[in-house]
Each structure stands twice: as structure tokens, then as C-alpha cells.
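Generate coordinates for the entire structure from the input sequences, incorporating the hints supplied.
Chains as they are written, first to last, in this note's numbering: chain A, 1 to 339; chain B, 1 to 339; chain C, 1 to 339; chain D, 1 to 339.
Just so you know, the hints here were simulated from the structure itself, not pulled from any lab data. All values reported here derive from a predicted model rather than from experimental measurement. Among the hints, a few may not be true.
Derived, one-sided and incomplete: chain D residues facing chain B with beta-carbon distance under 8 angstroms [as the list claims (entries may be wrong)]:
no., residue
1, Ile2
2, Val4
3, Ala9
4, Ile31
5, Asp35
6, Val38
7, Ala40
8, Leu42
9, Ile62
10, Leu66
11, Pro68
12, Pro232
13, Phe244
14, His265
Below, computed lysine-lysine pairings styled on DSSO-like, alpha-carbon distance capped at 30 angstroms [said to hold, decoys possible]:
no., chain 1, residue 1, chain 2, residue 2
15, D, Lys27, B, Lys78
16, C, Lys330, B, Lys80
17, A, Lys330, D, Lys78
18, B, Lys330, C, Lys330
19, B, Lys322, C, Lys327
20, B, Lys96, C, Lys326
21, D, Lys61, B, Lys77
22, B, Lys78, C, Lys330
23, B, Lys327, C, Lys78
24, C, Lys78, A, Lys61
25, C, Lys327, A, Lys78
26, D, Lys27, B, Lys61
27, D, Lys201, C, Lys322
28, A, Lys201, B, Lys146
29, B, Lys327, C, Lys61
30, B, Lys61, D, Lys327
31, C, Lys61, B, Lys322
32, D, Lys61, C, Lys327
33, A, Lys330, A, Lys96
34, C, Lys327, B, Lys327
35, A, Lys327, D, Lys327
36, D, Lys61, D, Lys80
37, C, Lys61, A, Lys61
38, A, Lys322, D, Lys330
39, B, Lys77, A, Lys61
40, A, Lys150, A, Lys201
All residues carry an ideal CB built from backbone N, CA and C; glycine is no exception.
Protein chains: 4
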Amino acid sequence: MIVVMKPDATQEQINHVVALVHEYGLKDHVICGTDRTVIACLGDKRAVDKGAIENAPMVEKIVPILAPYKMASLEVKKDKTQILIGPERFPLGGTKIGVIAGPCAVESRQQILQTARQAKAAGCIGLRGGAFKPRSSPYSFQGLGKEGLKLLAEAREETQLAVVTEVIGLEQVDEVAEMADVIQIGARNMQHFPLLEAVGKSQKPVLLKRGMSATLDEFLLAAEYIINAGNPNVILCERGIRTFESYVRNTLPLAIIPALRERTHLPVVIDPSHGTGHAYMVPSMCLAAVAAGADGLILECHPDPERAASDGAQSVTPDLLKELMKKIQKVALAVDRQA
Amino acid sequence: MIVVMKPDATQEQINHVVALVHEYGLKDHVICGTDRTVIACLGDKRAVDKGAIENAPMVEKIVPILAPYKMASLEVKKDKTQILIGPERFPLGGTKIGVIAGPCAVESRQQILQTARQAKAAGCIGLRGGAFKPRSSPYSFQGLGKEGLKLLAEAREETQLAVVTEVIGLEQVDEVAEMADVIQIGARNMQHFPLLEAVGKSQKPVLLKRGMSATLDEFLLAAEYIINAGNPNVILCERGIRTFESYVRNTLPLAIIPALRERTHLPVVIDPSHGTGHAYMVPSMCLAAVAAGADGLILECHPDPERAASDGAQSVTPDLLKELMKKIQKVALAVDRQA
Amino acid sequence: MIVVMKPDATQEQINHVVALVHEYGLKDHVICGTDRTVIACLGDKRAVDKGAIENAPMVEKIVPILAPYKMASLEVKKDKTQILIGPERFPLGGTKIGVIAGPCAVESRQQILQTARQAKAAGCIGLRGGAFKPRSSPYSFQGLGKEGLKLLAEAREETQLAVVTEVIGLEQVDEVAEMADVIQIGARNMQHFPLLEAVGKSQKPVLLKRGMSATLDEFLLAAEYIINAGNPNVILCERGIRTFESYVRNTLPLAIIPALRERTHLPVVIDPSHGTGHAYMVPSMCLAAVAAGADGLILECHPDPERAASDGAQSVTPDLLKELMKKIQKVALAVDRQA
Amino acid sequence: MIVVMKPDATQEQINHVVALVHEYGLKDHVICGTDRTVIACLGDKRAVDKGAIENAPMVEKIVPILAPYKMASLEVKKDKTQILIGPERFPLGGTKIGVIAGPCAVESRQQILQTARQAKAAGCIGLRGGAFKPRSSPYSFQGLGKEGLKLLAEAREETQLAVVTEVIGLEQVDEVAEMADVIQIGARNMQHFPLLEAVGKSQKPVLLKRGMSATLDEFLLAAEYIINAGNPNVILCERGIRTFESYVRNTLPLAIIPALRERTHLPVVIDPSHGTGHAYMVPSMCLAAVAAGADGLILECHPDPERAASDGAQSVTPDLLKELMKKIQKVALAVDRQA
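Printed below as a string of C-alpha cells:
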């Protein structure tokens, strides 16, 4: 952490800050520049609330130097983490790109089984489907609940696909953790810290979606909560951010793929369905994500999008998925990977 | 809801959409314009997933017409809601502006009692203070928990200030609802729907903070969740949004005050501390909020901001609060209100 | 400027950066922390392209310390700049708040004269009105051009209001500078650097609108261009920024008022018309801006907004302006100013 | 355009709006829904200022239906536009992907010639390089001006690469148009309308960069200005948008590629250098853009990025460019194109 003093700071004011820095258990290193004085603070500064010092007189700003996360960082673990998922123990984070597909919500036995079969046939390694749905409106379809979990289990048994499903409340963690192959934390819950700690007590892989306005540090700190609670199997998922753009539901910032690769060992999965909001954009964003180095994709697929209970606009059909998987495989090979 | 067809849509494709509209229980009204056909859909469309229809062939876009919330809207209740809070039953949403002050987190008995006394003396009507803290980093101070609640109760007993404190998990709802005068739902939990439903089962007033990238509709739908669950006592709180601006922690969009007034009967409170992130900006934003028509303010006040365990940078001292309250009172009078 | 090295940087790599720092005419100060090495660079670093050094091996990031502007800053000039505008030499930036009103565009003699008279009667000190209009669409009304300038001059002669009008191209600078009392640089031209330099060669006051996604530094650097070219009479105008919010045309970030006060001596004017996009929000945002410390307001006023050639949605009528001015005066007094 | 009335609008108020609609030369179509009345307005509504009607009593909102651009749209021209650029008349917008590389600014004869030779050898079809530079700070390097143009011409003569260079003011249009193969309009000038009209009078291809907070409609309307002035040879270039993200200089929204493909016939080029701001992200974003369907890439390449006068952080070396081109070619083939 570096404290930048205002130009007219007196020696007394500088001393005051230095004393504060010592109080926080840090060593100081004062540098008098031509225009202003800066105080470098040495030590492990992750736990200090930088704002406190900002309030001292004549402090202009505080500049953090260290990343605030540890266990999620490359500093602690340099080799990429591979996470084995599903009955077939697919190694996510390795050379092969894992594609997970399925409806926004489990709606019926036929819907989920049909989708699962077609996803499997197309070459997917996982099946997504919500049993508990977080919905913006209290009047929207809220999911089938436990019944949905059972249908997912049935689909897995038949297809051997890894089941990815969301947990939205603490009270469901146990049953979801028991049933699912991958527990999904949705974007709205990325900073629901008690939930992060709860899934951190499981050993099931967790697909952690980035909040729609989370910074990179906040995203990795959310992962850190899970790892810190005991579960190292965290999969990072970018699903688009909220910006001024209105031709998309969210803006999909694919540069996060190389940015995460620079900072963390955790696998990175892209969700082009929420990341765009429109089915016609999903194929090109799948290919772009693979070309950019994603370890996996999670996309919405529904046998009858016009009648989907949710997210119809961004769901592709199983037939389109089949075609798309062939293209994904070609692009994967072009970047020395497989799908 | 209005469905806009693409220019080259055939009659068959239009008929297909009309049939879908009927399936969703809506009546259609087809208008053939010079460049394209639009289909107005009549009926209560709140429960329909608009995306489903967007996926039909040759649909260009779907334009919603109705606001998605009901009970929070002026259509259902035209007069402003007043909510009585605290031991002195202060009517928030009336002519008088209620100011709530206190530290980010309860840190010690002395800290909270001293702040409460000075806030009361300055003319505040409520005391804020977190016992359970949602923190971006697992390594940051997480609050005193139940002990913090007890200290808040003691401060209330002495000062008669209304206690406003946050609930971050379902398992704390009962004890917080019992102890607090106003239950706070933090910005990160604005779309934690099970939590909204849980506080909706209480009758205690709820201070609902806008999520940092929530739209107006999402904000009012979160209020709708609480009202729909049985609790009409919702106070809307703007605390700043995430934008590209970096000289503030968040951008405080005060135009939300007239915007909410046009749409809802619920009282509106502004948080200039999180809304800016810097103590030196708090006074002018308090005055601006009052001039713009806010019903209340909630701000962070700490007896020793340089040593605050959290949010030191945006906390004002009790002495500054005292001066500020005088200015707030003057501006309130200038807009025909009192503080 | 501070260069932060990656954790595993070797001594050779650190030496390489130090050599680069010297090449750029700066002195180095190397600090070896517990986790990584940082290199503080001393000297006047404003002219160095920080990116260059970022590209050296094992550099993690570059942190600028100095503000990039000089003459616009409080470091160079501590007392607030007052700028005398119009025939009556109103001192903008002093105790009195100057309100400028008028239509988006000059449309006709009657329209501009009527508006000018009513604005004067209401207590305004300036008349806005575009003769040359930058319009998003080539098919929209583009302004009356020179004819518009003449009508503005006539309105000034009758009312003694200061005329504020926009220049959108280099070829108009001379005639606009000759005729106008205040030359407006629109938001879209905030980084049209040749235009900034051109108005910098005049001595006429310049109202510089912040670009809709400009940072504070970029805004002040645009002012710096004008001052650096020889014209110190720059008025900073906030007119709203582009964010994800859709209930407003732009989000009006009033915290920029205290933020600018901390950094610059230049007067600050708020445009609540573009800053919201909706006439019903304009009154409360005027009052809020005054309460927050603005030196002036510029708002759109049209005698018949339903038939305005542009910006009808955000224009208030002269009758509403009259009422509004009374409220503005009351709030101004409450913050120890006048309007 | 559709006018949505508020719930309590009277028949008289509806009639008032209908009369206004007629005044604007449109036909009305009134639909009385269950909750509110909407008025569909038929006719070519592109030239109407929708805001005007919003100001009528009891109007809730105005919903535009038609896209505001014409000549840039697929409605007017269904087949993709191919634009022949440079001495070798490369068909941009066809099957082959055109890669343009070069420094941010022309700095010296050796720098630009060396870069051009290596870019040519790597398989690029164009050379970028600024002679006139728009710089945020008046103290930064502003380009070599006319001397820079001469050096670019020399590089073209030797390599036959198409020269792409920026024009920042009206007074340079003629000389840049004469010398360059492609005239670049920078992001800051996307809404500098007189400049758009000036390059619209040339027949030289124009590379139009999207403004950093421009909407899709504004982007296409800027292209419309150029086409409307007589020059159909417009190349659309996405270079990243401004968002809350801070790990990148700009957020690169690649979903704009399919979005533009749905709306316009113009070729689309991606700038991953400005689109990320960091050289280490450039390769993966090049591959992603190609996979997503871009027609071309424009990227910054400098023989000595550590000493670049501008944009060093986002420039790749010629050696890296050579490796990257091979990867681009592989991904291009995987999506049935060539590079």
C-alpha cells in the first residue's frame, strides 16, 4: 500500500500518517518527491482497511499494491488447477474444453431428458438446469425445486453427463451438494458470503459466476472465500457484465480470459447465453471464447425455446447445438485444444 | 408488450407469433406499418417471459409496456407511504426528513454508545451499525455478531434512536427482526430472493438498498418481493451505482429521487457515504439529496475514522455531523420540509 | 509514478526497469517489500507515456501519482477563478449562482425572443441556444447557422443576457467567438483537441461540457488544452454521464461538484436537462446542484416543448422556469449563496 | 414510434397526443389495453424528435420502433459490402480476413519502415500509423504531422501495404485523403459531424472507430453521415468501450460482431490493442475476434514498445506479430475463412 500525501502536507502530518502505519503493523518507507511525499507501507497489508488512513489529514489517496486474494492467485499455486467433474470425471482446466448445455430451468421430465440426450450426443460433458431459480420478479416461474433435482439425477443416470445446478439459499446447500456434480453460485449470489462459506465446506466443484458488476478482485475474493473455507475446486464463470450497451442483455468481456490466466490457476468457463441474451449471438461467442482460451462453455439449450418458462430468447435448440459443437471442435483444434 | 417483426416477415410468420401470443393468454392487435408489422399484446403481461416470443422466426424485438411491479407502484396506491420507525415512531416518508447515522460496523461498547449520544444530540432519528458484515474479503473484519446486536439495543435504550442494522443470511432474520427497528438489506443482497421473502414475513420496516448495478425495475421488483410476502413497510435506499468513474467509490444518481416519486409510493432514503466513498463529499451530497426531495439520509459516522475497522474513508466525525445537521435543517426548510 | 514489479522479478529485470526510468529523465527509488519490489520514479512525470515501461519484462503495473494537469489545478492557483460574463459582467464562480436558460436550438425569432424575455424576467443571467447543432442523425434538424447567431445577438441586445452558444467546427470559431458571450464546447467535442486549441486563442469565456464518458482527469486535461493555448476563462460543465441506467438519458453525478472543488479553481456549472433527459426531473436536480455547491446552472427552456425541434422531452416551459427560480433562490440562501 | 399513455390519461389527453402525431405527419393507431392506452404512430418517423411528444400531458414514454439509420442498414442493401483497399486492392469484407498492423504513431523513418517490412512479411495487408495524434494531454507527443504522412507513403511504396492513418481536423482532410489508402476517424471524433461529412465527400475508404460510449445506433448513424454525404466505403471498427472494469483500458465487446451482422452490410474490423490496453491480451483477442466473424483486425505493433512515444503498453513486437499471424491463419481456416 502506498499513501500519497497532498502537496502542502507538513512534516507533522507526514509523521502522523507514519504513526498510523505503524499502528497497523506495517513498516513505513517515506519518499520525498519533487511535488509530493509518498509513504510506502511494507508488510502483509491484505487485512488493513485502507480507507482508515485516507481519512487522516492531508492524505490525497491510498494506492493498494498487493492483490487482496492469496489462495486463488498464481503466487501461491503456479500450475493450472484441473477439476474432475461428473460420473466420467472430465478434467476441466486441462487440454480438453468442456461444454455444458441445458435449459435455464428444469420444466418437465421430457424436457430435461430430451435435452440431456441430445447434449450428450452432440459431445457435451455436462448438463445444466435450474431446480431453484432466482427470478427478478416474484410473479415469474421459480423452478420445480426438489422435483427438479430428481429429474436431473435421472438425466445423469441415463447420460453420464455431469449435472450443474444452482443453489440460491443456505437451506438448500446440503441437498444440492449431495445431488449435483457441480454446484452453481449465480451472479446475484457472488457476494452472498454465508453461501460461499457453506459451499466451501463441501468438496463438490463449485461453478462461481461473476457478479454482473463485480471487479476482477471481487470475483477472485469470492473464490477465495470458498477456497478459504476448505474447498479448492472452484471454477470461475464469466457471464457478462452490465454496461450502457442495450443491444445485448449483458456485455461479454472475453479479455477476462487472458486477465484471469495472468492472475489465477483456476479454470475459466464462459456463459455466452447470459453473456449476450440473444440466441443468434451465442454461436459466435462460443467460438470466440474457445479461441480466447476458455476451459469450458456453459450455454442454454431448450427443445422449444418459444415456450421456455425462462430465458427463451437466449436458448439455442438441440439441433443448433449439434452444428455448433462441430464448429467448436474445429476452433479448439486450431488453438491446440480439443472439445 | 409489443412484438416488432422484421421487415420481411411473411404473413405466415406473423400468424405464428399471433398464435404464440394467444397461447400465453394474451389478445393480439396487429398493426401493419409502412416498414414493418407490430403486434400489440393485450392483457396482464407481467408473468410472461418475453424472451420466449423473441425466439420465434423473424421477430426483431419485444418491447415491454407495463411496469413489471404492481404493489410498489403508484397505480395501486397513490398516496405516499409513511413508515413509523423506532421507539419514538418517527414517520419516515412524511414532511420531516429523518437522518440516520452511525458507524459502518459496531466495534465496541464505547464506540457505539458515544456515536449514538452524539447522533441523538445532533438531531438524528436513527442509529446505523452493522453487527453482521458482508465483506469482500474473507480476511476482513466480519462484525461482532450477536454481541453487536446487544450493544445496539443498549444504545437504543439510552437514546431512543431507531436502530437500523443489516441481515446477511436467512439464519439471522429472526434475531435481527426481533432486535432491530429497521432491518437493512444490503446492496449485495438486493436480489437474494429467499432473504427478501424472509423479511417479508416480518412486519418490521425494511431498508432495502439498491444493488450497485440494479435497474429501477429490478429495485422495485425487489421491494415487490417483500410486499408480496406480506410486509408493506419498505424503505428504498439509493447508495450509488457502479460506473466508469474512479474518483468516487460509487456514482450517486440523485435523479432517482424524482424518478421513484413518479413510480412508487414508498419512502426514499439516500446513503451519501457509500454513494461517494469519501468523507469530504458527504456533506454536499447530504444537502443535495435533501434539496432533491429525499425522505431521509443514512450516513456513516465514526468517532475515530482513522482507526475504523471498515469504511473509515467515508465516515464523518460526530463533530462534523453536528455542523452538517444544521445545514441539512436549513436546506430542508428551503424546500418546505424539516429535518 | 510507481512501477510495481511481479513477485518473481529478478535483480536483472529490476535493473532493466531502473535503466528505462533513467532514460525517461526520472530518478529511481527502489523499495524491496515482503512480497514484491516497487520502483518509485521521481521527477516531473507528466510527459512520460507510462505504458512504455509497462511493457518491460516482469512489470506488473504502473501507478501514476501526479495529476496529469497543471494549470487547471489548485496546486498552481489556490483561489477560485471568477469569470465575468455577458454585457452585465456577471461574476461566475463567486457567491452568486448564475442561471442560464434557453432552448436547445434557436428555431425562430419569436421563439428565442420570447424565451429570452421570460428568462430575464425570471432572474436568469444567460441565454442558451444552439445555432450550429451536432445531431446524432444526419436527418435531424441541424440548426439555423449564422441566422441563429443574429437572432441570439438581437435577444441579447434587448435583454442584456449573456449569450451561450456552441461551436462545433473549427471554421465557425471566429464568428461564434465574436458574437457569443460564452463559447460552448459540447460533450461530443470535449476531446476535439484542435477545437480546444482554437477557442484557447480567444479570450472569450468557454463553457466546456464534460464528455459523456470522460474521466475527471480527461475533463481537466481538456480544460488544460484551452488554458495552455492562452485562454484561462474556462467554465466546467457537468451534463451527465453514460451508465447502465435507462430511466434517464444520462446519469447526473453531482458528487463531481465537491470532487472538482478539491482539484481545480475553475467554476462549475450543472446542466440538469441533458443530465436527466426528462423535464419532470429538472427542478429537483437544479435544487440539488445548488445545494451541492454548483456555481451555475444551464437548462433548457422552450415556450412550446411539444413542438420543439430538438430536446423537447427535457425542456421546461418559461412558466415553470419562473417558479423554479424562486425555489433555486431559496435553496441558494440556505447554503449561504444567492441566485 | 409508439406513445404509451399513463394509466389515468383522459380521452381528451389522448386526443391531444393524436393531434400532435398528425401534426408531425404521422398516422395514429390507438389501442386501448387493459391497463393503459398506447398510440402506434405510422409513417416514416426517422426525422421526428420523439422527445417533443413525451412532453405532452400524461404521456408515460415513447418507444421507437424503426432503426434511425437507413443506408447503413440491411433493409436497403442485403449483400455484404466489400471495400477494396490499398495498392493491392484487398477486398475487405470478403472471405479473407485483413490484418492491419503498425505503431500508434509514426516516430521515425526507421521505425515505420522496419515495422512495415515485418508486417508485410508476417502477412498483413495494411500498415497503421498516426501522423496527427489526438492526445488527452496537451503535454504528450502530438505526432509528426505532414512529415509522418510522407514516411507512411514511403513505407507503402516499398511494401505495397495499404496505409491507414487518422484525420483529426477538417483542415487535414484533403491531404490525408490524398495520401492515405484508408482514412481513420478516431473514437473521439465519431460524433464530430463536420468531419464525417468532409470524409463523406471523398471516395477513399473510411475506417470509422466506435466512440468509447457510443450506442449501436449512434455508431451506425455516424456511418450514415458518411454514406449520406456520398461515400459508401465505410469500415466499422470496434475498439472497446468504457465500463467499470479496470483491469483493461477498455472492455472489448465482441458480441458487436454478430449484432452488426444482423443490422448492416458494412465490414467490421476489431482493434484488440485499444480494446484491451495490454499487449499480453492482444493475441487471444485477435483469435477471438476472428472466430467471432470479424472481417479484419487492426493492431498496434512497435519494434521497441518500451520506448514507444505512445501506447507502448498495448503494442506487440514484430516478432510476436509473426507468431500471432500463424495462429490467426489457423483460426480463420477453422471458421471457413482465410487470413
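Check your understanding: Which of the numbered hints are not met once you compare them with the structure shown?
Key -> 3, 9, 11, 12, 14, 15, 25, 27, 29, 30, 31, 36 and 39
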